[in-house]
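Undergrad: As given, the protein sequences belong to chains A and B, one line each in that order. Positions 1 to 346 (this note's numbering) are the ones given, in order, by the first sequence. Positions 1 to 270 (this note's numbering) are the ones given, in order, by the second sequence.
These are calculated hints, taken from the structure and not from any lab test. Positions of the beta carbon are idealized from the N, C-alpha and C atoms, including for glycine. Hints should not be assumed to be uniformly reliable.
[Stated by the list, open to error] For the chain B half of the interface with chain A, some residues (derived, Cβ under 8 Å), not all of them:
hint, residue
1, W52
2, I54
3, T163
4, Q164
5, S192
6, I193
7, D196
8, Y198
9, E206
10, E211
11, Q212
12, V219
13, E221
14, R266
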Amino acid sequence: MKRRTFIQGLAAFGAIAALPLPLSRALAANIANPVSVNELPKLEGELTLYLGRGEGGLYENVLQAIQDRNPNFKLGIRRGPTAALANTIVAEAKAGVRRADLFWAVDSGAIGLVSDAGLAQPIPNDLSAQLQPQFRYKDWAPVTGRVRTIPYNTSRLSKEQIPTSIMDIADSDLSIGWAPAYASFQSFVTAMRILEGDDKTAKWLKKIKKRAKTYAGELGVVMAVERGEVDIGFANHYYTLRLKSGKPDAKLDLAFTQQDAGCLVNASGILALNDDPLATHFMRYLLSIEVQGYLAREAYEIPLVNGVPLPEGLPSLANISPPKVDLTQLADLRPTIALMRNSGVL
Amino acid sequence: MKAVFKSATTLGVSLLLMSTFVAQPVLANGPIGEHVNHLQANIKDYSEEVEWMIGKVDTMVSDYESKGAKAVKSDDLIEYWESVKFHSAIETNYVPVYASIWQGIYGVKMAIDNNKPAAEARKQQAAINAALWQGLGAVKLAAQFQQKGLLANVKATATAGMTQSATIDEIKHKLDRVVAKYAERLSDEATSIVHDTYLHLFEGVEGTLIEQDAKLVEVLEKDFNVTLPKAIADNKSVDEVRDVINDMHTKLDRAKVLLEKAEKARKDVF
Numbered sequence: 001m002k003r004r005t006f007i008q009g010l011a012a013f014g015a016i017a018a019l020p021l022p023l024s025r026a027l028a029a030n031i032a033n034p035v036s037v038n039e040l041p042k043l044e045g046e047l048t049l050y051l052g053r054g055e056g057g058l059y060e061n062v063l064q065a066i067q068d069r070n071p072n073f074k075l076g077i078r079r080g081p082t083a084a085l086a087n088t089i090v091a092e093a094k095a096g097v098r099r100a101d102l103f104w105a106v107d108s109g110a111i112g113l114v115s116d117a118g119l120a121q122p123i124p125n126d127l128s129a130q131l132q133p134q135f136r137y138k139d140w141a142p143v144t145g146r147v148r149t150i151p152y153n154t155s156r157l158s159k160e161q162i163p164t165s166i167m168d169i170a171d172s173d174l175s176i177g178w179a180p181a182y183a184s185f186q187s188f189v190t191a192m193r194i195l196e197g198d199d200k201t202a203k204w205l206k207k208i209k210k211r212a213k214t215y216a217g218e219l220g221v222v223m224a225v226e227r228g229e230v231d232i233g234f235a236n237h238y239y240t241l242r243l244k245s246g247k248p249d250a251k252l253d254l255a256f257t258q259q260d261a262g263c264l265v266n267a268s269g270i271l272a273l274n275d276d277p278l279a280t281h282f283m284r285y286l287l288s289i290e291v292q293g294y295l296a297r298e299a300y301e302i303p304l305v306n307g308v309p310l311p312e313g314l315p316s317l318a319n320i321s322p323p324k325v326d327l328t329q330l331a332d333l334r335p336t337i338a339l340m341r342n343s344g345v346l
Numbered sequence: 001m002k003a004v005f006k007s008a009t010t011l012g013v014s015l016l017l018m019s020t021f022v023a024q025p026v027l028a029n030g031p032i033g034e035h036v037n038h039l040q041a042n043i044k045d046y047s048e049e050v051e052w053m054i055g056k057v058d059t060m061v062s063d064y065e066s067k068g069a070k071a072v073k074s075d076d077l078i079e080y081w082e083s084v085k086f087h088s089a090i091e092t093n094y095v096p097v098y099a100s101i102w103q104g105i106y107g108v109k110m111a112i113d114n115n116k117p118a119a120e121a122r123k124q125q126a127a128i129n130a131a132l133w134q135g136l137g138a139v140k141l142a143a144q145f146q147q148k149g150l151l152a153n154v155k156a157t158a159t160a161g162m163t164q165s166a167t168i169d170e171i172k173h174k175l176d177r178v179v180a181k182y183a184e185r186l187s188d189e190a191t192s193i194v195h196d197t198y199l200h201l202f203e204g205v206e207g208t209l210i211e212q213d214a215k216l217v218e219v220l221e222k223d224f225n226v227t228l229p230k231a232i233a234d235n236k237s238v239d240e241v242r243d244v245i246n247d248m249h250t251k252l253d254r255a256k257v258l259l260e261k262a263e264k265a266r267k268d269v270f
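One chain only, chain A, in its complex shape:
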């Protein structure tokens, strides 16, 4: 065994040992060892990938690296907003054509749209076995994760002052920054609808709206928290990590709610639209140790296979207890948008 693999194995073991139930039990379940790209078959042939835009070029770097490594493999790429590409795939299928072999989406909701239309091919068992159990789906593979967080200003608050229930935050006296027009926020509200129901979610939105300051994006939310414009915010984890990377003395830290939508772990994902083994082999590259490590290191995304270190600055998974939500259920945003409009949020 190489020393690096051994150390990674130790790190993974340590993280699992520290996890609370039920997540620790889930992670300790039968997970296949992560695969190095050196163990994967060479790709030969042509595929067309529909790529939902995300992470400002880092996904592109991954795709280019896969092509560079496989000189007899040609990848055609169509790029666009994730939701638009999902709709295109469904529309193309209705018209009796299939132009894409693969769909890599930045959020699982768009994946759900294609999966619900019955267009996604089953995932081989050995491939999904590499993923942590709560991220195994029959016809798509999550690639990397992101967790909803509560960034807070450390000069105004201590972590203990922040409720550990997302619903209780609505009844606190904390000032809040949010970006309700933001896709990630809307997925979070969808998860809340699924977990708490529409009535409770509508009441929560209305209460929060009274004390919330609105920003265009979630990096804006995090920066506002750091400036002290608001006490806390609602945002994906990587904005805070990146800001702290660029500004190490930032008065900013992350808090997490427990087992509710406030700490939802969402994921980017990939699915195959045909049963060509080449498409499946391509997916294996995205779950390789090297790609997972690259996206964790450069994009601060959460690796979903074992043995790959978490992004720098993200607390141990032992502190995170996400709710159990079928991520493909986040596909239909329409009821969420309607609820947010009726609540005066949008």
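Position chain B against the provided structure of chain A, taking the given hints into account.
TA: For chain B alone, kept in the frame of chain A given last:
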């Protein structure tokens, strides 16, 4: 004409950058004709259109000068401009000049509609003329690049992958379009471009950028979400909106340098 080629080098570089990185969408005021992909074959038409347009504006200002506002229909200026093929040739190749042409057209129109002295209309007319000649020069230069295969065909959808630093060029181009649309009096469209550029382009690079210079991201966030939309909403002059965007360009140039540095420092995937 001397002024047209004064900054030919800068313009050439800009055109080259645009051809490399910008996949141009369908533009306002109706579909773009295929002629924009055959600039050289249409240069004669464009030149005639520029002279025709200059003549039409001169006739209108002269009529206004001698007979007053009731003798002219200032809305015709817009129809004249939208009727010429040259309109989309310049819009697809050099947006800053395109904005200046619209600014001049509305300058003449507002002078007439507000019964300003004829001298004011003449001043605005001179601005249109200068912008039209400069635009023709830009299109001629673009035609040369196109002949050499250095100018990409105009496409309806953006499909090319971009590096993060190239995304900055695209953002700057979109901001130039904001000035153009604002100069066309299409404020809602201008604001919409600002929001889309922020959400679909700037958001994609600010994560990397904030690791390089958090303060720079903070000021650009404010520019995108407060300063620029507010300038448009407050009906500031085209020049004032252009000033905001020029200031953003300077900051974006700095961002590009930082992103290039980050790209070079990034470890390989495999």
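Undergrad: Check the structure against each numbered hint from earlier and tell me which ones fail, lowest number first.
TA: When the structure is compared with the hints, numbers 1, 2, 5, 6, 7, 12 turn out to be violated.
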